[in-house]
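Visitor: Those sequence lines, one after another, are chains A and B. At position 17 of the first sequence (counting the first as 1) the number is 17 in the UniProt record's numbering, and the numbers step up by one without a gap. At position 416 of the second sequence (counting the first as 1) the number is 416 in the UniProt record's numbering, and the numbers step up by one without a gap.
If you're looking for bench data, these hints aren't it; they were derived computationally from the structure. On a predicted model such as this, the values are computed, not experimentally measured, just so you know. Virtual Cβ for every residue (Gly too), placed ideally from N, Cα, C. Warning: the hint list may mix true and false statements.
Selected chain A positions facing chain B (Cβ under 8 Å, derived; list incomplete) [unchecked claim]: (1) D32; (2) R154; (3) L156; (4) S172; (5) H184; (6) W188.
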Amino acid sequence: MDFGRYGRELLLELKRSNAAYNDTLVSSCLQDLNLHVRALGDQVAAASRDQEASTDGKPKLSMSVRPSILLQEAAIHRNKRCLLTYHWVRLQRIQKQYWSPRQEDNEEQQQLGPAEEEFLQAYQQLHQRYAQNTLPFVDDLRAHAGLPPLNTERVLLRVVTVPTEGPVVLASGVSVEFRVGATHFLPWNDVEEWVRKGHLRLLTGEEHNE
Amino acid sequence: MKLEIEYWHRGYQQILRDCGQDGSVWILCRPTVDALCAARILSFLLRADHIAHHLLCCTNLEEDLKQASAVATCVVLLHMGAPQNLTKWYQGRQIYVLDPARPVHLANIHANRDIVVFWDIDETEIPSDGENLSGNESSSESEDDDESSEEDDEEEDSSVASSDRDEGEFEYQDENDENAGDPLQQQQEENQEDSDDDDHDDDSSVGRAKKPRREDEEDETESYEKERDTTEAMEETEPTTVPTAESTPALLTPRQWQQDRRQRIERYYSAGSYYGAPAAFVAYQLATQLRFGDHTTLLWLACVGVTDAYWHGRLDLTGYSTLALQLRQACQKLDADDSDDIALRARNTVYAEQLSSNGATGERTKLSLRGTGRVFSQPDYKFFLLRFSSLLDAMMYSDTVSTQLQLYRPAGMNKLKELLAKMGFPLTECQQPYAFMKPALRRMLASKLQEYAEEYGLENLEYTSFLRITGYQSVLSAADAAHAAAALLDFGSDKDDMFNRALDALQSNAPPRVMDLQNEDNLVNGGSLTGNPLGYGLHLAMKLQKKIFAAAASLMERNAITSLAHFRYAYVGDESVLAKPAVLTRLAQYLFQLHRVNGKWVGRPLILLAKDDDFYTVAGYEYTEKAGDWVRNRWGQHFALAAQSMTGTFSFGHDSHVIRVGSDDVQRFLEQLHYLMDSA
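Just need the whole structure built from these sequences, with the hints factored in.
Guide: This is how it looks when you write it as structure tokens:
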């Protein structure tokens, strides 16, 4: 029993964002968890036997056995938390990867384990079933991911790369000169194409905090 | 024109009117936290009214104004532009200025509706419109100069860059404006602004063609009569004014009046620079005059802007108290729960029994509410990032505690540890992140500080602060947010990237992670900025505070602060972050406070010099008797005079008390400065 060492290593694995699913480490952590569970069971059983055999008639366990029982329980919970965190973070990354197939700068694709591949396929099928049932005219909801709702007039955006040099007059009549890093509030119809191509990024404003 | 506080909404209505369906507003924002907060508030207002607008970080006002003029319907300047003569760069677009910097250039005030300055309460007497609004003519000029006319000339930029007294051109405008009935026109009529100006160039070193004398005499007489009317109007409202030459203009000849006016203009500019209400506060007041007074996010941004102005020395204690009171009232108005139990509200908790009418006593049932986004005001400690670091670090890097206990010395650190021990706080607990400290100790902190702090000379440890609930039992203070955003602006070389990071940090409503601020690498996601810019900003804020304290300690240990007859000066170091004006301001405040406490400094101002590539950033600060006081800063004039009287490479920024000097010229600049002050 290592009292949470494997759990800590799982968390350190998460820092390496493109690391593959570490099946060995997860197995070790599960094994450690089972050892703790067994040890806890043994200690509780032994303590119960001693209590039954004792003549003082006290209903509670003696103080001498409590620290070790608490320690085993804490180790079990810690291992569980580490395992859940590891899997949860990896699943979040998979989903994010699915919804943002265009890679961000310096971010590599996450390498998936077999179980994660299955999860991704199931997630994809679930998404496609939903899209077919609810929005049959939409081929892929991912094309609309992160885009504003229908009937949005104007959107707040930031320039990632300049879509067109120099001053330009948009279809709505608004004049704009794009500069990298600048923030604009422009009609959605005029900028939709640039947003889809990635030149402009949508932002959320204060109204979303209320 | 200056737009008084009660009419600010008219300025905004004019923006809407100008933009119409297809116009757009360009918001040029200086990279300061106050300006960023004002930008977010203004952007919210414009978005609510579906006005297209563009927000840019502005470091070169002239170039950005020229670029904006080509495409923008109107331009809004945030935290810049007021002391510069904007009429020089005016290209026919309306310019709106929300800038706390004072004094405002007279050309901007008298520029009719083309330039609108949002004016807070300021009792400084404003000289009237007329010649020489830049104040460059001396009062001892000859009579020939008074009577000679001036031709129209455009000024060219020289190696001695413009100061806040550059001359400008003044276009002649008809008294009858085209758009009668629009909001600013009404305002202008109410203010009785005169709009008859001739074109002038006040540069006496350039040869001029002379206009007929008759025209000049008519102009002077007209201006004289208007000034007399204005003075008489002032007299009517101030019946207790003691009769002087100014108040009885009928006794002055036009030449005497001209001389008197020149002196008043000179007094107006030479009184020194100071600051009015922060731009974020002005923007929030504008929002309340419109229909947005009940948005807590806008209130929060105003709180952050005001707090930033206080911590960076642009607001003295009185000013901060005044604005804090108004913001506190706004908080109470928005927060329907007027409970005095602030801790209870911060925990987003109410009791079920409070909701029932019978008011049952006895054991109560706790209900947790979301409450995210609520803003409230309460006294807070002047400890640095207390909620995101340990108690020991927060006290060590607090300006108040560090200067009072002289923590740069080993004996000072021992005093701090002794204080904590007397309070009953184990050192190991004080080194834990405050959020993980034992709740019992955290509850005891207030009472123990009250009991023992005075013994160590720690007074005024609390001030009125503003806090926002960012999540379940998670609270962010306005000071923390301001420090984080300021640090994001100060670190990094790409100005647009820094600007956007800070802008995003102010928008974020997510609770920043409580991370180990000692360990730069201790971030779960590897330190990605996209995840939590506010959290990263807090980390940089602590790093910056440590650099400032280290720089101060280094200056004192090396005895590197040189005292001259008129000022003290010190070369700060080579780190680029220390060359930022805001950082130098904090360092100067820290040095002043440190030496006030140990009694070594009395009276003399301070100049700090920091290397920045091939230049030195030179910043001048006035000495104040007490921390939190404010004295008008006259270094802008001294720097301008020194720069004009020698050859070299100089560049003025947005703040008049900061100048960039070429590396080869900096020593001579200091000598020249001292020589000029000596001979004055």
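Visitor: Among all the numbered hints in the text so far, which are the ones the structure does not match?
Guide: 1 and 6
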